[in-house]
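Asks: Could you build all of it, start to finish, from the sequences and the hints given here?
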Amino acid sequence: MRLPPLNAIRAFEAVCRHGSILKAAEELGVVRGAVRQQISTLENHLGSKLFSRDGRRLVATEKASAFAEAAGAALTILKRAADEFEEAGRQRIRLGVPSAFAIWWLMPRAADMQASLGDIEIDIVPMTVVEPLSQHPDFDAVIMGGEIRSSAGITETRFMEDEFGPVATPAIAAGLAGDVAALAQSNILVSRSAPKLWTEWFAESGTPPVAFSRLREFEDLLLAVGAARAGLGIALAPKASIEDDLDRGILAAPYGFIRRPAGYSLCCRTSDAKRSAFAALRNWLLRSGGAS
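Using UniProt numbering, the letters of the sequence shown correspond one by one to residues 1 to 292.
Possibly wrong hints are sitting among the right ones.
[Said to hold, decoys possible] Now the in silico label distances, taken between C-beta atoms and shown as ranges:
#  : residue 1 : residue 2 : range
1  : I250      : E62       : 42 to 52 Å
2  : G153      : S276      : 18 to 28 Å
3  : S52       : I103      : 36 to 46 Å
4  : R57       : E219      : 47 to 57 Å
5  : I250      : A66       : 45 to 55 Å
6  : S65       : L286      : 26 to 36 Å
7  : V30       : M107      : 30 to 40 Å
8  : T128      : G19       : 48 to 58 Å
9  : G175      : P261      : 23 to 33 Å
10 : P108      : G47       : 49 to 59 Å
11 : S52       : A230      : 44 to 54 Å
12 : V31       : A230      : 18 to 28 Å
13 : E62       : I258      : 14 to 24 Å
The hints are simulated quantities; they were obtained by calculation from the structure and are not laboratory data. Think of the CB as a built atom: it goes at the ideal place given N, C-alpha and C, for glycine as much as any other residue.
Replies: Printed below as a string of structure tokens:
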């Protein structure tokens with residue numbers, strides 16, 4: 001079996017993932033010339049150019065992009081196997097979770113999760129920007145909401161419904177009187193990590209779009225909802241993340257919530273899906289999330 005050199009594959013996969021020879025070199029701890037040499041070695045082995053040039057940018061060919069996805073998956077499997085070998089059977093899952101969901105839904109249930117999973121260690125990593133697992137070789141799994149997109153080699157398990165809607169303090173909500181047109185003159189709080197969320201809400205709720213006159217941007221949804229709690233305006237929020245605030249009267253939902261078909265899903269690599277640790281996490285999420 002004549003396989004490509006492993007170092008060349010690592011360099012190629014890093015360049016494709018970062019879109020930059022410089023960033024790939026920084027990750028690998030080598031100079032740019034070494035990365036270029038590895039790319040040349042791989043091209044000679046495969047007998048095909050891997051990149052075309054668009055101005056100053058290197059763009060992977062269609063065939064090279066497919067090869068990079070397979071290479072990334074293979075390198076991840078090798079790394080995980082080496083980690084498990086070194087850790088002598090220690091079961092650990094590095095789980096990427098949207099920041100707001102992690103703080104307001106998952107962490108209050110962390111003790112129950114740990115009691116259910118026993119010796120399995122769940123390393124929860126908040127994600128300001130939610131991205132697919134294929135873009136995070138350092139994660140073992142991710143939780144995604146309405147932004148989920150199916151991809152090859154990934155197994156998705158829907159474990160909870162996803163509802164979202166505008167929220168504000170009861171005083172601000174009362175001033176809206178259920179009239180969506182009133183949003184035009186309200187302070188609208190937007191998350192840069194989910195810039196299309198308001199557009200999606202108008203489309204999915206069947207509500208005619210409103211042109212906002214006053215927008216305030218925040219880096220992520222966690223900050224936008226925090227600003228809504230402080231009375232700075234109206235934010236869009238997943239219901240699962242602010243149910244406690246609704247129960248305590250800190251926030252109100254003047255237009256209610258709409259259900260999104262995708263729901264929340266646990267996404268892991270198909271090669272991991274049948275492993276006992278992932279099965280245990282999946283079963284706990286299904287039980288806690290109540291998805292049918």
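Asks: Honestly, do G153 and S276 meet the 18 to 28 Å range at C-beta?
Replies: holds, 20 Å
Asks: Is the hinted range of 36 to 46 Å satisfied by the C-beta distance from S52 to I103?
Replies: holds, 43 Å
Asks: Please check whether E62 and I258 have a Cβ separation lying inside 14 to 24 Å.
Replies: Distance hint for E62, I258 is violated at roughly 38 Å.
Asks: Could one say that the CB atoms of I250 and A66 fall in the range 45 to 55 Å?
Replies: holds, 49 Å
Asks: Quick check: does the Cβ-Cβ distance between R57 and E219 fall within 47 to 57 Å?
Replies: Check failed, 27 Å falls outside 47 to 57 Å.
Asks: At the C-beta level, are V30 and M107 separated by a distance inside 30 to 40 Å?
Replies: holds, 39 Å
Asks: Do the Cβ positions of P108 and G47 conform to the proposed distance bound of 49 to 59 Å?
Replies: holds, 56 Å
Asks: Is 23 to 33 Å right for how far apart the beta carbons of G175 and P261 are?
Replies: holds, 32 Å
Asks: Could you tell me whether the CB distance from T128 to G19 stays inside 48 to 58 Å?
Replies: Violated, since T128 and G19 (Cβ atoms, about 20 Å apart) do not stay within the stated range.
Asks: Assuming the hint says 42 to 52 Å, is it satisfied by the Cβ distance from I250 to E62 or not?
Replies: Taking Cβ atoms as reference, I250 and E62 lie about 50 Å apart, which means the hint holds.
Asks: A range of 26 to 36 Å was offered for this pair. Does it hold for the Cβ distance of S65 and L286?
Replies: holds, 34 Å
Asks: At the C-beta level, are S52 and A230 separated by a distance inside 44 to 54 Å?
Replies: holds, 50 Å
Hint compliance for this structure: hints 4, 8, 12 and 13 are not met, and every other hint is.
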